[in-house]
Amino acid sequence: MKISRRTALQGTAGALALGMSGFDWDFTKANAQAPNVKRGGVLNFAISAEAPHYDPAGSDTYATLHFAAPFYSTLLRFNLSKFPAVENDLATSYTVAPDLMTYTFKLTPNVKFHDGTALTSADVKATYDRMRNPPAGVVSTRQATFADIGSIETPDPLTVVFKMKAVNASMLEHFASPWNVIYSAKDLAENAAGPRTKINGTGPFIFVEHVKGSHVAGKKNDAYFKKGFPYLDGFKGIFTLQAAAMLNAVQGGQVLGEFRGISPAERDRLVQTMGDKIRIEESSWTLNLLVCFNVDKKPFDDVRVRRALLMAIDRWGGSVGLSKISTLRSVGGVIRPGSPFATPEAELVKLPGFSKDIKKSREEAKKLLKEAGHENLKFTLWNRNLAMPYTPAGIFLVDQWRQIGVEVEHKQSDTGAYLATMNAGNHDVAIDFSNLFMDDSSLGLAKYLSIGRSPENRSRSKDEMLDKLYDDHLRERDPEKRKTMIRAFEKRVFEQGYQQPLLWWHRIVPTHKTLMGWKMSPSHNLGQQLEDVWMNV
Amino acid sequence: MTIADPTLPLAPAIAAAPSRQPSKFVDFCRQQPLGAASFLIIFAMMFAGIFSSLVAPYDPLTIDFASLLAPPSADHWCGTDAYGRDICSRLIYGARTALVIGFTSSFVGSSLGAILGIASAYFGGKIDAWIQRFVDVLLAFPLIVLALVVVAAFRKFSVGGVDINLIVAIAIPILPRVARVVRAAALSVRVAPYIDAARAAGYSHTRIIFRHMAPNVVAPYLIMLTAFIAQAILAEASLSFLGLGVTEPTAAWGLMLSGNAADFYRQAPWMILFPGVAISLAVFAFNLFGDSLRDFLDPRFKV
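Protein chains in written order, with this note's numbering: chain W, 39 to 575; chain X, 206 to 508.
If you are wondering where the hints come from, they were derived from the structure by calculation, not from laboratory data.
These numbers come from a predicted model, not from an experiment.
Built from N, CA and C at the ideal position, the CB exists for glycine as well.
Check before you lean on any hint, since a few could be wrong.
Computed footprint of chain X on chain W, listed as stretches where at least three residues anywhere in the stretch have a Cβ under 8 angstroms from a Cβ of chain X [what the hints assert, rightly or not]:
id	region
1	269 to 282
2	352 to 359
3	423 to 431
4	435 to 443
5	448 to 454
6	485 to 495
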């Protein structure tokens, strides 16, 4: 019996639907397509950071996804016209057992990898096995997400059955994650780390070249399993690390859009100079910047030091100022503000680091530093050299910490070096990011799990209490009880101060009006396969 | 023939004659009024750089969201930037960054270039040929291009808040330019009899180069050093503008022209106007001072 997603998740309906109440754009208008699609042409678009590697399963930066998503397919994906509903990608149908313990997917027949080999259920199994149990030398940032999968069975070449060892009420959405691109089992058997440097997918475009420092290019996959797609002959993702270069390229028509997001000032400039040639779409964003302390390094192993530094930050004042000049906007906890499970402001202000009485908060912070014996603390703040919004965030934090007598050296580096530094634990304090593709707490909370379970936890903390709270909340199907558990988790995270959201982002995407079919969403990780994008020229 | 009696008193006219010559500095000011004016600008810049904490009206790093993009006023003489930071204070502190990086990189590049140039002239032959071909290779790249390559090749490294990689990146392109000029001057010194005498006395190469040749090429060295401070300031500003120099929130003139300034320059033109004027003025002053110094020190330019 085929069970719809709504039926399967009846117990958690409503709150778990990841509500769209916080989103403030009109999907219907954004997704309106011309009746007569024009085929052909090569789409040039801007990517503001260069991918550190090609493997989405081991990455949490959009730089990898905007680079690699057009080359790959996933089992399911989000339907951006009805977000957060999911739809089939490689799957032709799926069933979910009423107890949420078994997920069965039927695969589209005759799907070919770009090297000509056929896709089978073995490829799906190998891909998911690699994500949940990464072999030596492979990093999987999805390990915690799929820890509840007990086994994966492949009764025939076109059927995959996921047997859960525990209920995870959000599992279906995780199967639609854009990061879970399907690799060839043959390729993984040859070299499990191969996807970091080699691309062989089943997506609408075939990899042509990656010219470092310049661009990534793809050409149309004539054997793509969705007949009639893609519309484009190819694409070129051009790396525009400097915001000014990206804006000039958009303005001059060298690129038709930048799909991550720009600042309010950049938006105003484009609108002013391009008039009705530019389309601007806005949304709240499932993305935040985090202040992340490396607890393996002194004095950040001391909770008093971490809490003092967090209490010195005037998030509420910063939100007002930074939202005028950057993509940073909302004050929030571990769940995106405005979404169903988000902590209300009245509760948030009681948590360490969120007080509105910043003077009192800073006095307390100074006391804590004195108690810890670090009144004249000096450290290096590691940051990414992306102008928006990392640089404003860095400038803001340096200023905030100077106000309690802390001296900070601000170091910015390219995406690759920045991630490598944090992943190796060589940072003191860093501005990290939590790049989510949906609001579900199973995703948002995973970053705070112990380092052994969540490699993307760059604070390197180990906290069994948090791990237990997370696991318990995954099993809970009553939304109210689940909300209470999320609050307890959040309280623990902020009291320990391993890492804490600085501010949540606001997404503004500029595209030329000749670019059609691309869909706006609250996550810049979604909708980047580009198969239904076309150019009205 | 009469021999003057030293015991006799000097004639009154001679005795009353002023015994002191006008100082070199006064002489320089008289002969090179533009040079003197440029020196004043440099002095003001150095004063601002050294005593910035006393001179600047505000802390250059303090954010004030209540004063975002405020126009020039009695409170903020040069207005504020996109973070509400006082631009005047950032210009004053920026002078320190410009001077430290400009002077240090010019000094390092010019000094190493001078040593290389003197050594090349002194040893001659194959050593001279090899050094000059190396210099030719470096000279083939424009200063800013070579600086870009070097800064991109090295990872960011700073000591006491000073970007060492930036200094190295700017010093390397200066080196061959100074080496070529100093070598030309050193070639004429090399054939002087006192160098032959020093060799005959058995002095070491190092001693001859540093104690006998180097002092005699100080004039071109000083002129190049001064002229390249301007180039180095410009290179630092350019690299910072391109995002390869000093990082925010450090106050630096080139950095003040990039980042948010590019977004807000229509709305707040003072964000680019004042740093632009500061860079132009500093480069103009150092160039003019270098030219005036050359005219003053080089006997060929004396009438």
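Comparing the hints with the structure gives:
Figure legend: the region 269 to 282 of chain W, annotated as covered by chain X; annotation consistent (4 residues with Cβ-Cβ distances under 8 angstroms, at least 3 required). Note: the region 352 to 359 of chain W has 4 residues with beta-carbon separation from chain X under 8 angstroms; the three-residue rule is met and the coverage holds. As drawn, the region 423 to 431 of chain W meets chain X at 4 residues by the rule of a beta-carbon pair under 8 angstroms; at three or more, the given contact holds. Counting residues of the region 435 to 443 of chain W whose CB lies closer than 8 angstroms to any CB of chain X gives 3, which reaches the minimum of 3, so the coverage claim holds.
A stretch counts as covered by a chain when three or more of its residues have a beta carbon under 8 angstroms from one of that chain; for the region 448 to 454 of chain W and chain X the count is 4, and the coverage holds. Residues of the region 485 to 495 of chain W lying with their CB closer than 8 angstroms to a CB of chain X number 0, which falls below the three-residue condition for coverage.
Checked against the numbered hints given earlier, the structure breaks only hint 6 and satisfies all the rest.
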